[in-house]
Every structure is written in structure tokens, then in C-alpha cells.
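2 protein chains.
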Amino acid sequence: TCQFAPLSIVSSIISMQSKPDMRKVIHSIKVGIALVLVSLLYLLDPLYKQVGDNALWAIMTVVVIFEFSAGATLGKGLNRGIGTILGGGLGCLAAILADEVGGIGNIIIVGISVFVFGAAATYSRLVPSIKRRYEYGAVIFILTFNLVVVSGLRADKIIKLARERLSTICMGFAICIFINLLIFPMWASDELHNSLATRFEKLACCIEECLEEYFRIVNEKENQLSANFSSCKSVLQSKSNDESLVNFSRWEPWHGKFGFSYPWDKYQQIGDATRELAVTIVSLQGCLQYPGQPSPAIRQSIKEPCEVVGSSLVWTLRQLGGSIMKMERCRPKALMASKSHSTNIELSLVTSHSILGAAENGEGLAMASFVFLLMK
Amino acid sequence: TCQFAPLSIVSSIISMQSKPDMRKVIHSIKVGIALVLVSLLYLLDPLYKQVGDNALWAIMTVVVIFEFSAGATLGKGLNRGIGTILGGGLGCLAAILADEVGGIGNIIIVGISVFVFGAAATYSRLVPSIKRRYEYGAVIFILTFNLVVVSGLRADKIIKLARERLSTICMGFAICIFINLLIFPMWASDELHNSLATRFEKLACCIEECLEEYFRIVNEKENQLSANFSSCKSVLQSKSNDESLVNFSRWEPWHGKFGFSYPWDKYQQIGDATRELAVTIVSLQGCLQYPGQPSPAIRQSIKEPCEVVGSSLVWTLRQLGGSIMKMERCRPKALMASKSHSTNIELSLVTSHSILGAAENGEGLAMASFVFLLMK
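Chains as they are written, first to last, in this note's numbering: chain A, -5 to 370; chain B, -5 to 370.
For the record, the hints were derived by calculation from the structure and aren't laboratory data. All of these numbers come straight from a predicted model, not from anything done at the bench.
One copy or any two copies: either way a pair holds, since identical chains are not told apart in the list.
No more than 27 Å apart at the CA atoms, straight line, and that leaves these computed lysine-lysine pairs for DSS-like:
{"hint": "1", "residue 1": "K260", "residue 2": "K227"}
{"hint": "2", "residue 1": "K260", "residue 2": "K125"}
{"hint": "3", "residue 1": "K18", "residue 2": "K227"}
{"hint": "4", "residue 1": "K196", "residue 2": "K18"}
{"hint": "5", "residue 1": "K260", "residue 2": "K196"}
{"hint": "6", "residue 1": "K260", "residue 2": "K233"}
Let's have the full structure, built from the sequences with the hints guiding it.
Structural data, given as C-alpha cells:
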């Protein structure tokens, strides 16, 4: 109990910061617990007698594998396992081969095999499709292969050494999985799901602000832009984050509302559609900043249809975001699509002479392609 | 010589693929050479007698640190060094403290210190500003601290052990730096520089294609989009890549045409400006895809001014790209800016009734902000 007194102090100090940091604090505490558990291999005499200095590998595994989300941890752990087994197996073969030759040929064979396998694995690390999911495995493969081949010259019982190391790595992996998945697990898939669903709300807010802004400067005559487009820009830059989350999600097992072989690709496609819409909104912003605005009278004349189409867009976006969040089929989708399409045509007739018109139409277009994507 | 026969075969096989892969092949070969060199610590008896089993750490360092670009390697290496020294130092202190207490208190102190330092370092890993540049150092800190504290219970000569490990890590680091920086070095700064300069050319091509496309469908009446916007979209998604390259470039020493404390931030700003321009071009594409195009006659009437402003934009972009590539001050910048501005105003008068007009104006705007940035 003495051991857990500082825990509460530390966590209470850190949690005085902002709320979203709580997940980081929980993660840090989980890492601390995992480290203490794995250190027990050294600390307790009976355990140490079993594993000996190989406990080093268990600690290393925990430190390196333990990632923020469950998917990342599982992915890294499996990569490490596969890399170790492959590297160890090939390394043993090469070491035995080198041993049979003997003498100076021994060293030459070891050198050549280190060079060839190291270069080949490094090259495969740079291939984009492997890099995305198996880069860490390749690193571990190189490391293990090298260590096994090279120490084959020095250690006699290489198979025994390899088995012991593998078992300690498995121990480290088991501790990681246990702590990471059972104590407040943080699923990359949940994060992906939420970020995608709230993105619709963000975009809807942006459109609302944009329209408000446009008709506000009608009255004030002064063109100072107060609308906040940073959320829109963050949507624009979300691609790489999405990709890594989708990658992690693929590693995650069945949990909560997500089944096996959940269509993560679809998330990426919807993400692409939201980014396209964000492009349109940002260029709408460009129209707002344009110094040579049309006269207030002209803008006033297009106010009503713009607001109609704008609010229908906003409503549709919120509707879509809500249905994704709740994972329901969005029934009146076709209805909405046709409705927004007809409003859009009406609008384009009315406002085809205005500058805003173009942007709104572009928006409708992105919208249509977006609804199209969702229908699939 | 026998050792290098397979080298030429492997490289000739792999180089039969596309040309840009040559850099990857060279990198792979460099890694292979570094691995062979570091394996000599095991292979040659006199060296092995000096370092013993700690040669393991040298191999690990080479495998983990050796990255594609010089900046990434240096950054990781320095991170590893700092993390090891800090972690080792603190670990020694904690181990000595625990040793003085003795008995069961020993184990409790070790457990608490492992938990507290592990959790604190993990939390700092998640802070964005640290994560960007020092994440790897934090990982190594946790690992080293843990190993040192925990093995302090078992090994008697902990200082000696730490010194030996540190010296082998330094050996591995030296081999990495030697091979990476002296044999065909690949500078992240060069890559950043080139990618930024060629991006202008890409955008210019996109604008050209866009204009061509717009006036081509005047004649053919059919709206099938053949223009290739993937290069434009790649510019849009280049932010995270730019950021990592800028980070690596910061680690790189003086070399070639880049001095110390080169203004890498400026590169990021220019990159942001190109991305803004890319947004405008993508929304231009949106206008092209819009089904309800204005009649050919109207479009024909705006053809000439559009082409004037388009070609001047394209010319300006190529000029800017060229001057960045050659690292010259672009003299007639102010001239060009004012010229394109005046053409733009003229255009906006003529085409303010057209849909394309809006997009072109937005473009001019992004352009202006862009030139503004460059003038600084």
C-alpha cells in the first residue's frame, strides 16, 4: 500500500490540468504499472532464478511496445513477435551453416549473411506498403538475425539462448496486452469513429459561421474576418492521422460495437469526402476575404436562397454526423440528397451571377459526391 | 573481395527497377556495410576481448538509429545518447539510494522509482512539443533507467557496467555517423528544398491543365474530366511530410549550400502558402466538374483575360520555383506582384459574372498572400 500512496498524489497533481489530458495520465499510470510488474522478474528471487539476465528482454519489450492505443500496442507486439521468430530462425540456420564450414570461412559466411539480410530487410522497410504496417517487424528482424548469427560464434547453446529470450519477450508482451487491454483500454477505432463523427459537426459550424459572416459585412461595411476556420483547416490536415488510426484499428480485435473485419476502408473514404468538403469551405473563406465584394444590395438579394441551402446543408451534415455516431442507417438520405439537389439548382439559377454562388455550388457538388459515397 | 561479389549482383538486380529507387538501394547497402562493421566487434577476437557481450548494445544502436536521412540519424543518435546518459545517471542514483536502505525497503524504493519515472517520462512523451523532437529520447530514458535501477540489485559493479554499455553505444553511433554522413549522404534538407521548389512547377502545371480543360469542353460539349489533379492533391497532403523533414533538417550540420541556423521555419511557411494555393486549384477543379456550366458563348467571351491571368500566374509560379531552387533573390518580384494584381483586377471586372471568376479571384488572392510571404 505504501507503494501506491505517491500514485494518487501524482495523478491528482497532473489532473489539475485540462480534461482531455486525463487519458494521457491514465496511459502514463498504466505504463508505470506495467514497468513495475515486469521489474518483478528481477526483483523477486524465485522469478530471477528462472529467467536470469534475459529479464532484460522483457523490460525492453514492455518499454518499446506499450503504445497509447490498443491497436498500436497489438500491432507492434505482433510485429515484434514475428520479427523475432523469423530473424531468430534464419539466424540459427545461418549460424549452423557457418559452424559446419568452420575456420575463416565461418567468419566470411557470417559477414556475407549479415550484409545480405540486413540490406534486403532495410530495402523492404522502405517499400510503402510494408512500411505502413510491418516496418517495426523488419527492424526487429534485422536486430534478431544479427544478434543470433553473430553470437552463434561465441555461445555454444544458441538454441537454448534463443528459446529463453523468446520466452521472456512473450512475458513482456503478455504483461503489455494484459495492462493495455484490460485496464481502461483506449481503442484507436473508438477515436477514429468519434473524430469522424464530430468532424461533420465542425464542418457544419464552419458553414454556419461563413454564411453569417458574409451577410454581416453587408451591414457593417467593414471587412474584418472574425470567423474561426482553424477547425476546418484541421479537418483538411487530418489525412495522415486518419491513416495511422485506420492502421491501428485493423489490429484491434472485436470489441464494443465493432465486429471483426469492420469496414475500416469506408472510414477512410468518408474521411476523404469530408476533406473535399473542407477544401470547398476554405475556398468559401477565400471569397469572404476578397476585397472587391459585390454591393450590399446584390448580396442582400441572394441572402434568402443562400440561407435556405446553407441551413439545409448544415442540417444534413449534422444528421449524417449523428447517424454515423450512433451507427444507424440514415433513412431519409435519398430524400435529403434530392432535396438539397433541387434547392441547389434553384439557388444556382438565382445566384449564378454572384461570386458566392460559385462556391455554394461547389459545395453542393462536394455534398453530392459525399452523399453518393455514403449511399454505397 | 569474396565478400563483395554478391554486393554487385544484388545491387544490379534491384537497380533494374525504377530510377528513384536507387537512393533506397544505396541506403540498404549502407545499412549492410554498417552492420558488417559493427559485427566485427564480435567476429574479431581482439575486439571481442575488449567489449565482451556488451557488443550487443553496439549492434542494437546501429539497427535502431540508422535512418534514411542524415538528419534523422543524427537526431535519433543524439536522442539516444542523451536518454541513455540521463536515464543511466538517475538510475545509478536511485540504485545507490536503494542500496543504502537495504532489505525489503530496497525493493520498495526500486519499485516506486520505476513507477514514478516511468509514468512521468511516458506522460512527457505525449506532450506534442516533446513528442515531435524528443520522443525517442524519452523511450530510451525509460529503458535505461529501468535496466540500471533493476540490475543494480543484482550486479555489483553497476558503474562499470554502465560505462561499458555507454562506450559500446558510442561505438555504434560513431559507425552510423561515419557511414551515413560520409558515404553518399542523403540530406533531409536537400529533399525538403527540392520538394518545395518542384511543388511550384506542379501547381503551375495544374493551373495550365485546368484552364485548358475549361476551354476544351467549350468545343467538345462533353464534360469528361481528363485533367490529372493527383499532383495537386499530393501538395495538399504534404504537411506532415514537410514537418518531419523540417525536424530532421534542424539536426543536420552545415553542409552544401545550407549554413548553420538556416531558416527552416520559412520553408514551413512557404509550404503552407503552396497548400493554400492548392486548395484554390482543387476548388477550381470543382467548378470544372459542375454539371450546369454556362453556355459556350459566355465562356468564350472570358477566354482571353483568363488565359492572360492564367499564363502570368503560371509564369510567376515557375519563376518563384526556379528562384527558390537556385536560392537567388527573385528580383522582379514586386513587379510581378503588382502586374499580376493589376491583371487580376482587370479580370475581375470582366469576369465577375462568371463562375470561374470567383475561383480565379480566389487564386489571385492566395497568390498575393503567397508573394507577400515570400517578400518577407
